[in-house]
Amino acid sequence: MEKSTVRTTKHNELIEITDIVNSVIRKAGVKSGICHIFVPHTTCGLTINENADPSVKADIIAKLEQLVPVNDSYSHFEGNSDAHIKSSIFGHSLIVFVENGSLCLGTWQGIFLCEFDGPRTRQVWFKILSQ
Amino acid sequence: MEKSTVRTTKHNELIEITDIVNSVIRKAGVKSGICHIFVPHTTCGLTINENADPSVKADIIAKLEQLVPVNDSYSHFEGNSDAHIKSSIFGHSLIVFVENGSLCLGTWQGIFLCEFDGPRTRQVWFKILSQ
Amino acid sequence: MEKSTVRTTKHNELIEITDIVNSVIRKAGVKSGICHIFVPHTTCGLTINENADPSVKADIIAKLEQLVPVNDSYSHFEGNSDAHIKSSIFGHSLIVFVENGSLCLGTWQGIFLCEFDGPRTRQVWFKILSQ
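Chains as they are written, first to last, in this note's numbering: chain H, 1 to 131; chain U, 1 to 131; chain G, 1 to 131.
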């Protein structure tokens with residue numbers, strides 16, 4: 001398993017980690033397979049979305065905050081129930097394809113760590129299975 | 001990697017692709033493993049749900065449109081922020097089990113491409129890892 | 001493929017299945033790989049979240065019920081459209097890492113079956129691919 005550390009700087013933030021995934025795949029030397037990405041946390045998630053216009057990230061964060069606001073009638077004492085819920089909606093893992101030793105994404109796709117309770121230092125785990 | 005093309009005909013639409021997945025698995029000849037399905041887009045997703053009563057698809061689309069309406073106070077200039085958000089909520093990949101050379105689903109399950117910004121021509125990617 | 005049965009007791013309920021996943025992994029004897037978890041249903045899902053404070057589970061259920069209420073203007077005749085929608089939001093599968101023959105989770109993470117239309121008897125399927 002490969003591990004990487006991502007430092008988030010805001011309470012809610014999408015941080016692109018595509019370059020990290022690319023370097024993990026290159027280092028592994030796997031020609032064809034699946035790269036599994038996992039965050040060992042309960043208040044952040046992972047997603048794939050557009051990395052060209054940063055307003056997409058802002059719209060995602062704003063809509064999630066509107067649907068699952070940080071202040072609501074939650075019972076969890078730590079005050080971050082919204083982050084727990086948002087992370088389950090987006091999920092804690094991703095799979096991406098590896099072909100010819102390289103990460104395969106669509107033209108507009110980037111891979112993002114979704115911080116919902118930052119700023120924090122987050123871990124990202126990787127494991128590549130060969131075809 | 002296998003690739004397939006799906007033509008969507010509406011702005012929001014769930015199109016069943018179970019037959020495509022079945023034929024990809026049969027063609028691969030893998031006896032036991034995992035079939036990974038991935039859409040290389042940022043305004044469509046994938047999901048598993050009931051394929052018996054078409055009203056389930058209609059209810060999914062209507063609820064998503066209510067929670068993440070196409071017209072809202074978004075900043076992304078292309079006017080399809082709702083589609084970006086919906087695709088991250090549902091996700092861009094699926095895993096399904098292969099046993100005895102066949103796709104394993106529950107009795108009521110079908111596999112759907114979720115178009116949130118159609119009509120468009122969409123690609124679906126497949127990669128099967130053997131056990 | 002390994003199969004396990006989970007009996008749910010409420011209409012909406014998150015049931016921790018981490019112990020089941022642990023025993024499936026130990027029984028398989030795979031040293032390093034990915035454990036795939038899948039529910040062959042359309043009205044329940046799977047998620048990873050905090051298993052220390054049970055109020056996190058309660059907050060997740062309450063927020064989902066607020067966003068996708070059981071009673072709304074749905075067209076599906078069975079009266080469980082909310083459960084279909086919630087299961088697509090959370091998803092029907094999970095991947096978790098196996099290292100040194102053991103399940104790898106973050107400190108606060110547990111694995112949960114998400115019942116949205118119980119009480120019912122649910123199946124959970126497992127397949128481990130070795131690295």
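Honestly, the hints are just simulated from the structure, not real lab data.
Errors might be hidden in some of the hints.
As a list, the in silico DSSO-like pairs of lysine-lysine whose alpha-carbon atoms are at most 30 Å apart [said to hold, decoys possible]:
#, chain 1, residue 1, chain 2, residue 2
1, U, Lys10, G, Lys10
2, G, Lys10, U, Lys27
3, H, Lys31, H, Lys10
4, G, Lys3, U, Lys31
5, H, Lys10, G, Lys27
6, G, Lys10, U, Lys31
7, G, Lys3, G, Lys27
8, U, Lys10, U, Lys31
9, U, Lys27, U, Lys3
10, G, Lys10, H, Lys27
11, H, Lys31, U, Lys31
12, U, Lys3, H, Lys27
13, G, Lys31, G, Lys10
14, U, Lys10, H, Lys31
15, H, Lys31, H, Lys3
16, G, Lys10, H, Lys31
17, G, Lys10, H, Lys3
18, U, Lys27, H, Lys3
Covered by chain H, according to a simulated footprint, are these stretches of chain U (three or more residues, beta-carbon under 8 Å) [unchecked claim]:
#, segment
19, 34–42
20, 90–102
For clarity, every value in this text was computed on a predicted model and none was experimentally measured.
Glycine included, each C-beta is placed from N, C-alpha and C at the ideal position.
Quick one, are Lys3(U) and Lys27(H) close enough, alpha carbons at most 30 Å? holds, 26 Å
Take the C-alpha atoms of Lys27(U) and Lys3(U), compute the straight-line distance between them, and say whether it is at most 30 Å. holds, 12 Å
Given hint Lys3(H) paired with Lys10(G) - CA-CA distance at most 30 Å: Between Lys10(G) and Lys3(H) the Cα gap is close to 39 Å, so the pair fails against 30 Å, i.e. violated.
How about the segment 34–42 of chain U: do at least three of its residues have a C-beta closer than 8 Å to a C-beta of chain H? holds (count 6)
If you look at each residue in the segment 90–102 of chain U, do at least three have a Cβ nearer than 8 Å to any Cβ of chain H? holds (count 4)
Taking only the CA atoms, is the gap from Lys10(G) to Lys27(U) under or equal to 30 Å? violated, 42 Å
For the pair we were handed, Lys10(U) and Lys31(U), check the Cα-Cα distance against 30 Å. violated, 37 Å
Take a quick look at whether Lys10(G) and Lys31(H) sit within 30 Å of each other, Cα to Cα. At roughly 47 Å apart (the allowed maximum being 30 Å), Lys31(H) and Lys10(G) break the hint.
Does the structure keep Lys3(G) and Lys31(U) at a Cα separation of 30 Å or less? The given pair, whose Cα atoms are some 18 Å apart, holds under the 30 Å limit.
Quick one, are Lys10(G) and Lys27(H) close enough, alpha carbons at most 30 Å? Roughly 48 Å separates the two Cα atoms, so the pair is violated.
Lys31(H) and Lys10(H) were given as a pair; does the straight-line alpha-carbon distance stay at or below 30 Å? violated, 37 Å
Take a quick look at whether Lys10(U) and Lys31(H) sit within 30 Å of each other, Cα to Cα. Status violated; Cα separation ~38 Å.
Of the hints listed earlier, those the structure fails to meet are numbers 1, 2, 3, 5, 6, 8, 10, 13, 14, 16, 17 and 18, in rising order.
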